[in-house]
Each structure stands twice: as C-alpha cells, then as structure tokens.
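Construct the entire structure; sequences and hints are all you get.
Next come the chains, spelled out residue by residue.
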Amino acid sequence: MAVTSARTSDRTMPPGLTRDQLLELYYYMRLTRSLEERLVNLYRQTKVVGGLFRSLGQEADAVGSAYALERSKGDILSPLIRNLGSMLVQGATPVEILRQYMAKGDSPTRGRELNIHFGDTVRGFIGQISHLGDMVPVMAGVTLSFKLRGQDRVGLVYVGDGATSTGAFHEGINFAAVQRCPLVVIVENNGYAYSTPTSKQTACASFKDKALGYGIPGVRADGNDVVATYQVTKEAVDRARAGEGVTLIELTTYRRKGHAEHDNQSYVPPGEIDRWARENDPLDRYTRELTTGQGIASSELEELDGRVRGEVDRATDEAEASPAPEPRDALRGVYADPAEVPALWYREGIRSAVETHERPSSWGTHDG
Amino acid sequence: MAVTSARTSDRTMPPGLTRDQLLELYYYMRLTRSLEERLVNLYRQTKVVGGLFRSLGQEADAVGSAYALERSKGDILSPLIRNLGSMLVQGATPVEILRQYMAKGDSPTRGRELNIHFGDTVRGFIGQISHLGDMVPVMAGVTLSFKLRGQDRVGLVYVGDGATSTGAFHEGINFAAVQRCPLVVIVENNGYAYSTPTSKQTACASFKDKALGYGIPGVRADGNDVVATYQVTKEAVDRARAGEGVTLIELTTYRRKGHAEHDNQSYVPPGEIDRWARENDPLDRYTRELTTGQGIASSELEELDGRVRGEVDRATDEAEASPAPEPRDALRGVYADPAEVPALWYREGIRSAVETHERPSSWGTHDG
Amino acid sequence: MAETTYLEAIRQALFEEMERDPDVLCLGEDIGVYGGAFKVTDGLQARFGESRVIDTPLSEAAIVGAAAGAAHMGMRPVCEMQFIDFISCAYDMLTNYVATARYRAFLPCPMVVRGPSGGYVRGGPFHSQNPEAAFLHTPGLKIVYPATASDAKGLLKAAIRDEDCVLFFEHKYLYRRIKEELPPGDHVVPIGKARLAREGRDLSIITYAATVWKALEAAEQLEREGNLSVEVLDLRSLLPMDDDAIAQTVRKTNRVLIVHEDTVTGGVAGEISARINDLAFEWLDAPIKRVGAHDVPLPYAPQLEDFVLPQTADIVKAARWLAEY
Amino acid sequence: MAETTYLEAIRQALFEEMERDPDVLCLGEDIGVYGGAFKVTDGLQARFGESRVIDTPLSEAAIVGAAAGAAHMGMRPVCEMQFIDFISCAYDMLTNYVATARYRAFLPCPMVVRGPSGGYVRGGPFHSQNPEAAFLHTPGLKIVYPATASDAKGLLKAAIRDEDCVLFFEHKYLYRRIKEELPPGDHVVPIGKARLAREGRDLSIITYAATVWKALEAAEQLEREGNLSVEVLDLRSLLPMDDDAIAQTVRKTNRVLIVHEDTVTGGVAGEISARINDLAFEWLDAPIKRVGAHDVPLPYAPQLEDFVLPQTADIVKAARWLAEY
Ligand SMILES: Cc1ncc(C[n+]2csc(CCOP(=O)(O)OP(=O)(O)O)c2C)c(N)n1
Ligand SMILES: Cc1ncc(C[n+]2csc(CCOP(=O)(O)OP(=O)(O)O)c2C)c(N)n1
Ligand SMILES: [Mg+2]
Ligand SMILES: [Mg+2]
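Chains as they are written, first to last, in the numbering used here: chain A, 1 to 368; chain B, 1 to 368; chain C, 1 to 325; chain D, 1 to 325.
Since the hints were made in silico from the structure, they are not lab data. Be aware that a few hints might be false.
Claimed, not checked - With a Cα cut of at most 27 angstroms, we get these calculated BS3-like pairs of lysine-lysine:
| hint | chain 1 | residue 1 | chain 2 | residue 2 |
| --- | --- | --- | --- | --- |
| 1 | B | LYS234 | B | LYS73 |
| 2 | C | LYS317 | C | LYS252 |
| 3 | A | LYS147 | A | LYS73 |
| 4 | D | LYS39 | B | LYS257 |
| 5 | D | LYS193 | A | LYS147 |
| 6 | C | LYS193 | C | LYS157 |
| 7 | B | LYS234 | B | LYS47 |
| 8 | C | LYS179 | C | LYS157 |
| 9 | A | LYS257 | C | LYS157 |
| 10 | C | LYS39 | A | LYS47 |
| 11 | B | LYS47 | D | LYS317 |
| 12 | D | LYS193 | D | LYS179 |
| 13 | A | LYS257 | A | LYS47 |
| 14 | C | LYS157 | B | LYS147 |
| 15 | A | LYS47 | A | LYS147 |
| 16 | D | LYS157 | D | LYS252 |
| 17 | B | LYS47 | B | LYS147 |
| 18 | D | LYS157 | D | LYS179 |
This is the structure:
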C-alpha cells in the first residue's frame, strides 16, 4: 500500500491510531469507492459479466473492521459481497477485483467465480460462496484450527442482516461460541436484504441482542464511522486473541444502492436514500473528521484521491488487456487427483456459443 | 379420559385449576409413567421393535405444558420423543402407543414409523420426524395458517436443549416471530442431548436468553413442577391466542434414563441421577402437593393408579393381539395419485427374511 | 392473440390459481413488494395482499417447513427459491419431512417449490444449478421442468392442484427468450406425461428444460445438412417419468440420445438409460448415449461456461455418431 | 491372527491415522466421552484428548462447515454423522461449499464425512437411508461405501489421506455382523478401484455395500441350485467409479444385474447402467436389469422393511430371469 510511505510522524492520534493509519483508513475507503465507480463504468460498457454489487455508503464499516486485524499475525477474514473494502485492506489489489468482475483468465479464480468471490489464505481472506450464512461455520473451523494449534491468530466473518436468518449462521456462531474460537462475527446491518427491510427479517430490536443467546458479548456501533468501527472491532479482536472467544458486533449502516446494479429500489421509502447520502456518507464524515478534528489538510486528502485514481486507471488498463480464460482450463482442478477431467466424447475445441460481451438479458432480474 | 367422570366439585384451586383438573394432571403423569414401564417390560421381551425412549422424570413438563392448550379450540402441538405425556393429554391412547412401539399393522402409522412418531390433526398433535429442529418451521406454518385464516387456535412445539443448536430451530422460530404466529416454543432442557451436556451444546447461561434475539418474550420455569409448567405455558398460550405472537419457554428438567434404553449413561457424574430421583421426581412432588397442599386423600390417587394399571393392561392385551402389517401395504400411499406403487418385477409375495421378533444386534448402539 | 413469455406464463398460472382457490398462498424472499428477483410474482401482492403473498426472512428451510405446516392445514403454499440453487438449504426439510408426510403420517402436503434454475446465463457456480437429480431418489416428491411457456403455465397449475409436493424447476434462460400463444381458458397440463416436441424416424433425443431447444435446433440442422429425421421427446415431468412415451420413441427410432444440462455423471440421464434398458432393450440398434455438462462445478466466464455446458453443436455431433453407428 | 469386525476395522483406521498424522481430528455428536452412538470412536478421546476428538453441538451444517475451515488450514477433519440420514442437514454445505472449494478458490479441503448408513435394521425411514445417489452429480466429492472389514479400514485410511472431501458410508448392518482377518501393516485401499468379490462366467452382479453379501449369497445359491456361475463386482467407490472393472466384467459375462439397497428410481444403478451402455453395449446379450428397494420411504415394521428392501431371493430370481434371457 502506497500511503504508508507518506509517513511523517508517529504521534498517536486520539483513537489510538497514528496519523498514517488514519490516512490509510481514508485511502482504503476512497479506493473502495473509486474502484466501484470504475466498475459501474465498465458495467455500463458491458465489460462486467453478470451483476454488480455496490457498497456505496458502507465503505467505513468494511474498512474499519478489517483494519482491526493484524495481517502480520496471519489473521483471516471472510468478506461479503459488500466488503470490497475489507479485502483491499487485507491486500487484494484493484486489478484482481477488475479481472474477477470481467471474468478474465488471469483473474484470481481464472474466471471461475464472480465478483469478489475469491480469497487468499496467505494474505488473509477467504472468498464467500453465494449461499449466505455458510461462511460462519467455515470461519468457526478456520479459527478452531487457530485455537487447536495454539496460534496467535484471529478470524473475522461478516454476515448481513438478512443472512442472520439462515440456519448456517446460527449453527456456526453457536459452534464457535461453545468452542471459544477466536472469532469476531460482524452483522452488517444495512437496513435491507435485497428488498426486505429488517423489520421483516427479524422481530428483534437489535442484532446485537442475538449475542446473549449464544452466551457471548454483543456490541453495536456506528458502521458509518470508520474509527468507531475500527475500535469496536479491535476490542473484539483483542478479546479473541486473548482466548476469550467470540464477539458479535452489529454495525449499523445503510445500503444506498440497490441489491445489485439492476435493482431500482422502488421499495425504499422516498427520501431515505437521499437523507443517508446527505447526512451520513462515511467518506464525507471522515473527511470532515480528518480535516477539522485532526487538522489534516484537504490537499493531502486530494493527493490521496489522485493516487487512487491513478491506481484504478492503471488497474483498469491492465485488466482490460487481460486474456479471456482458455476453455479447457474449465476441466482442471476439481480434484487434486485426478488433476483434470477428460473432455466429453463429442467435443473438440468448440468455439464460444455466445459472444463474450453479450450480457444475457435474463441475468439478475428483468430488463424491462 | 376417565378422570373427568370423577368430577365432584368445581371449586377453583389456588393455581387456577379445578380439583378435577388437578387430578387429571396426576392421571396423565401416572399414565405416562406406567405406560413407559410397561414398554420396558415389552422391550425386554423383545416385543418392542427398535429403541425405547423414556421420559422418566420429565412427565410433569410434558403433561403440564400440553394441558395448557385447548383441544376444543383445535390447538395443535408437536411433541418430541420424550413427550409421550403431551400426546396422551391430546388424546393419544395407550393402545396406539403400544402398537406403534410394536410395529403393528393397526398402529396409527400401520407400522411405518417408530415409537411416538405419529399424529392426528383432529385430536391436535403432529408427529415429529427424527431430524431434530424440523418441527419448528413446520409448526410455524401450522400456526401461520391459523393466523391467516383468523382462527382462534394456538400451536405448541417442543425442542430439546440439543435441538436448539439446529439451523431449523433458528429459522423456524425467527420466521414465526416475524410473522407473529400464535406459537409457543418450549425448550425442554433436560441437561443432556444423548451424552452431550448442555455446557457443550451452548455457551448461553439459559435457553430463555435466546428469546431476546428473536424479539420475543423468554421465560423459564421448573419443568418438574406440573402446575408451574401449566401456568407458564398457559400464559404463553393466552398471549398467542390474543395475537401477541411467539413465546419461548425454557422448562428445566432432568433425563433420568439414558438417551434410549440401551444407553448406560456412563457419562453422567456419579450421584446425579439418584439425586434427581430422590429429590425431584415430578410424580412424588405432585403427590405430596396434592395430598398435603390440596388435601386430596392418598386413596384417591391410588384409585387413579389402579385405573391406569387397568387401562395399560387392557391396552397391552389389545396391542399384543394386533396383527402384523401386511407387507404389500408398504406400497400404498406415497402419493395421493398414484395411490399405490407397483411391486418390483422380481417380487412375488416373499416372506419376511428376518424373524419378526429378532432385534438386530446393531440397532441403536453396541450390544456388548 | 398475443404471445406470452415463459415467465409471464408462470405469473399467469400463479394469478389464476390464486384467483381460483383462496387457499393458495405464496412464500419467498422478496416476492411481495419487489415482485421477486426475476419479477415472476410481480403484482401478486398488490392483487392478493400481504397475507397471501409473504415476504419471508432469508430462510429456505423455514420457507419450506412453514409451507408444509400450512399445507397440512389445507392451504396450498407455493414457495419461491430466489434461485433454485438455494433449495439445497431446504434439502433435509424436503426429502425427509415433506416427501414422507403422506406415507408415514397420512398428512397431506400439497405444495409447490419453484424457482429459477439452470445455466447459460453467466450465473456462476451458485446461480446456475440444475438440482433435479438430487431429488430423484426421493419417493413422495414430484418433479417437473417445463421447456415451453404453455407447459410452464399448464404444469404449474397442475402442480398447485396436486395433492402432493411438486418441485417446479423454471429455466431462467427461457424466462424471456421464448414466447408463444397460450391455449385459452383453464389450461392444465397433466404431470407425468411427456410431449413429443418433434417427430422423426432415425433417432430420438430424450431431453427436458432448456436443452429441448438445443435439441430442436440440432434436429433442424441435422435434417437440413444430413437428411436425418430426428424425434425430440420433451419429458416435462421427471418424477413420475413417462415410460410409455419413452418406450414408444425408442421402439420407433431404435437410437437414443439423452440430453440434459446437468453434469453427465449422476444426472437424470442415468435413470432414463436404465429405464430404456428395461422397456426396450431389444429395440436398440446402438448404445444409448448421453450429452450433458462436463463433470465440474459450473464456471462463470462465458468461455468456460460454454465449454462446460452442452451446446447444439455437441448434440449434432453426438447424433451423427449415433446415426452412423 | 484374530478376526476383526467391520466396525472395529473402522475404529482401527481412525486410531492409526490419528497416530500417524497429528493434523487428523474427529468432530461429531457424542463421539468423545461416549464414543459415538455405535461406539465407532470408542476410546479415541481417551487416547487423543478433547481437542482432537470433539463433541460438537447438534449441528450437522456446522460440523461440516467447521471441518472445511479447519481443512483449509491444513488439518484433516473426520466428521461423524450420528446417522448418515442427518447428512441431509449439511447438504448445502457439502455440495456447494466443500465440493467446489478447490475448483473455485484453490482451497484444499481434505476431509471425511462418515456415518452409519443403510437399512435391514428396523431403523425406520430416518435411520436407514442410503443417500449416496444424492451426491453423485456433485463434482468435487468422492464417495466410497465399503462392504468388507478390510475395505472399510483400507478405504477409510485412503479417505483420510485424500486431498479432497470423501463421503464415507458405513453400513450399520455390517458393523458387527461381518469380520475377517485384516491385512497386516499400513493397509490402504485405493479409492476408485472395484473389487472382484467372486469370479463367474454366466452373469455379473454389480453392487456395493450390504447387498454385496446378498449378491454373494444369491451367487452361491445359483451355483448350487442352477449350476449358474455368477460374478460379483463390489464397486467400493462410487465416485470415481471403476469403469475398467465394470467393462471387464460385462465383456466377460455379457449379462448384468445391478443391485443396490437404495430405491430403484434415482439410485446409483441408473448411472452404472448408462456407463455400461457407453462401455460395452455390443457385449450385452440381455438388458441390464436393476434390483433395488421399492420406491417408497423405508418403513419400520420388519414385515414392511423386508418387503421394501431387496432380498437375496430377489437377486436369485432376477438373475435366473437374466440367465434365461
Ligand atoms: C441461502 C441464500 N438464500 C438466498 C440468497 C439470495 N440472496 C442473495 S443476497 C440476498 C440478500 C442478502 O441480504 P443481507 O444478508 O442483508 O446482505 P446485504 O446484501 O444487505 O449486504 C439474497 C436473499 C442467497 N444468496 N443465499
Ligand atoms: C438433525 C439431527 N441430528 C442428530 C440426531 C441424532 N440424535 C437423536 S436424539 C439426539 C439428542 C437430542 O437431544 P435433545 O434435543 O436435548 O433431546 P432429548 O433427547 O434430551 O429429549 C441426537 C443427537 C437427530 N435426531 N437429528
Ligand atoms: Mg443487508
Ligand atoms: Mg436434552
């Protein structure tokens, strides 16, 4: 990450973060937003295959929480579709993200999986699958291994407000709680699961109240305040590392875009989105905090914005130049042994039956 | 039920129950215990096919809770394997139970299902399947239909301490809570799930604490006190009937027998079972309460015991005389249409390959 | 009369059945206000209200389990899986609870579980599945998978009226790509009957769902280019399966190609192949051959997906091989 | 040397692998202090401690999911389903998460899911299942189902050492009913290879698990009573399946009976039948026939269970029919 080279002093800032770290948080939030904005352009140019999922307005909760992990210790997180920021913090690069969305042959999954569904256990993130809730038991197992091996590592898993209703979430968090796994569970409450408001998802007053039923601490914080998010997660990470087990954190935020790019949000009460955009944009808030509260010059932030733009531009060029996957690669690596599945008998090097850039009209939802 | 004919006065007893009702509670508890004792005899005679599951020491929670429903209103419950008492309250008869355990052709499931896995929606009980937790979503749906149709009916579903760890429990209770279904969920905390103590099942201090996470009231009561059990359930039933939705009730009790008859309970701390038997047997407690607290003569209870013995004896004779299932009946009723599956081509009226009364040695667990 | 898409046909069936029978209700994620991820239930809640078109929590097992409970009480729930891939989360509930309810407990369980299925839409491994084979050895379930708008409507109506649980797979590639004039009136297609999609003499293709269209394309090409007369049998129902129709086409053409979109290994083609052996072994002039997806999870990139899934060219090639056998 | 039961063979494999490799750990309900519902893990916790033999909550999806997570980190978890019937509760986790981990994410997922399976023990519909067919169209999983004590031990050791997820079905009817002298030393049986259980000339029975024994019984009877020479092929592994062994036996005897305990419809026999068509159609002198359970949920009463499940007499009868064809 480029920002750390801007290090000028190590004077500790009020929230327990250095000036550089405060700027780094800003950098990741900006990178998240700019990268997604680029993805919107690419999507409109039909260069993105499949749907596009935004985290507009949720950048702080993703970045702040992931920032509480220690990559040098081997901490691992499992992000959701709206945790692009968390992955960037863990070291995912813009070009990887773009290649994934564009289904390139040199994307992290070689074109096999969508959007940010990819991982790297060395850098410390494990890609989710679509089936919501499933990553909770998986991260219970990841962190169980940390505990069994006496490692000084911590895991973090995100679930949406919607995903808390799945059986997998329940089984996984209960398992981890009983085993006192070093796991932090973040419920990212952004008000909606697709079109479903929280009131139709659960009758509970707050997701943090679910903690009691698992015998673990439950806390709630403002997910649009990156520093608050960092702090509350850091405490839970410290607890986990100290062998005190699981914490459930509810981060409140708001999904300003639709479920995916096609969703027109007709189900949202009028004015709600505008209000959040106006009053509670995490980047705006943090910019104000840095410039006003921390006395950081606007120009310094603008410089970072420029750097981000450059990075995203370069990544876009690289990703666009990336090759498409090689069809027969589809047959490799289902198993360690056999390493490759044979092509079926009636097949010899067929061409793609559909043009690469045709977006199928029935994908995602109606196109009317 | 015979006891109601013993009705002599309707003087209201302290807990809001008439004298007859108090005796009826006693009758059902005694019937549960005597019937299970008879089953033990039949099991030893190898007349029970498969395992035998006891509710010794838990009779009060089953009987007291079911008694809070109103059969005349069409209330429905779904019992667990240790809720024989609840089924008797809802009108299941001893001969049905015995025929089920003995896999008779005129058993309620015609020999298709085991032990107390049977139901009757008219009398108001739905049989569980083995997969624990599954009845919670099902009863959410049963009670959803009550709500949608504006019926004045309530449902009750039991889950064990162990079954609270299943995804199905979580999804079902959450669904019912959001929909404000007229459902009472009873967690029967008897200390163990097979050999697993509660401490390895959940880290929570009390199962009632799970209620908060679903936004519903959670209460806890002494499941070995039949009147307390009745009262706490009655309140929840009243709430449900008034349209106020789901209540979670934890009833604390103790499983004095093993998971099934074969289980030697080697995992139980020494003395624990004896202590519960000595100090907290629900029938002993209730007998004392009736004779001392309510001034009912021991002879009256003994008369009831005698009646129960007679009923169980008659039921045993009837059940023993019942015919075995007719093999080809196995092909009927998978679907409404077709009503029967054809026998396979290589088959014509084969005889049973194994003697009816041979209990397979690998059933349930080791036989060593 | 206007032509109706496959998707609109399904919507019509839901509308008509909800009009006809007040016990029909719909349950699913985002099916109410939003009208469903694919808009299949669009307008339903506005017409029938929140209590008959229920937006549920994100809980497939609860959706299916609650439907079963309501069905026991005489309602006729129709559950939507937002994508059919998520039916795996209700696998226990369906195969253990629902499928056995009538048999073990004499409890009626008339309900439908429906949802967008299948690939060819760049959905990746978890938005493209064809899970029908996983339910094939579960007596108590019925399985249908229509290929045409008319069948989609008629079979859904039959499914809703059926006294047992019907898994209703909808192919999302077909949702807006095909349309036809629907038969007027109360159009009900019986479950368990195949449809002869094209008559032919030389070879039979037995298939269902989206690959019916690929088979028809291949048949035309083979007629045009090779003067081959290919019969295409669209099974429509997989459980129960139409043995008579299968036997008839095999006895007629003596050569069979089974085509489906699911992986070859473990797909429904195995069952069909075994049945043909039982029904018409002596009539076979060539081995029964299968065309299906390669045995890998379905990848996302178009180049990979196209390679993995069966294409028209594959069917043509396999059919030529069979014809020349 | 002493004879070892099928159950004890499995226990030995667990012991030896846990001794050999400190990354092997066991997860399941009641497997620790109690030693498992069938005592398969008896003594394991006493020997290897609570952190390597973990009593879990009643949560099959969590057991499997946690195993996957630990496997990613280099451990080799062995999960017990108390009865294999409960694997349905982890169906999503297995088919979507575990099976695809290597392919979509290059994440190793070496783990075993094992449990008592099958009927003939009056277990009723939910303690007697054979769910193997439900996983057959899931690339990424391996499936084994041993019939002998020696294979049970050797295949479990192979499964634990395999780099991918292996579903290991144990037939509970065989647990204490069969025993044999086990090969000495580190006995590992490779996954994917069938075993010729009996040589014969006139007819091949292809089968696996408990019905191997019924097939052998039938073969003896047919030899004795009808002078028929029956070959019995025990598949042992279902995914991958041993095509060579299947082709070889079919080419030798030209008549095939496929036998399994699962329902006929949708069972693994369909896949085997289709493969034989591919591999050896010209060698068939008679239709491939299937013997399996009737298409109903498995009922509890002995009279009903015996009627529904395939019996030795059925195999005899079907084999005679085939031989006379
Ligand atoms: C088990 C499962 N069921 C359904 C879906 C379809 N689906 C994808 S995202 C989504 C809503 C998720 O909401 P939430 O968990 O709140 O996450 P958010 O999108 O708000 O970040 C749904 C229903 C799914 N992915 N997995
Ligand atoms: C989903 C599922 N997993 C495992 C089992 C096997 N099993 C049967 S009873 C039991 C323990 C149940 O404990 P609890 O829920 O506390 O009920 P109790 O027997 O104490 O009444 C287990 C693990 C099961 N029936 N269902
Ligand atoms: Mg959300
Ligand atoms: Mg218990």
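Ascending list of hint numbers which this structure does not respect: 5, 7, 9, 11, 15, 16 and 17
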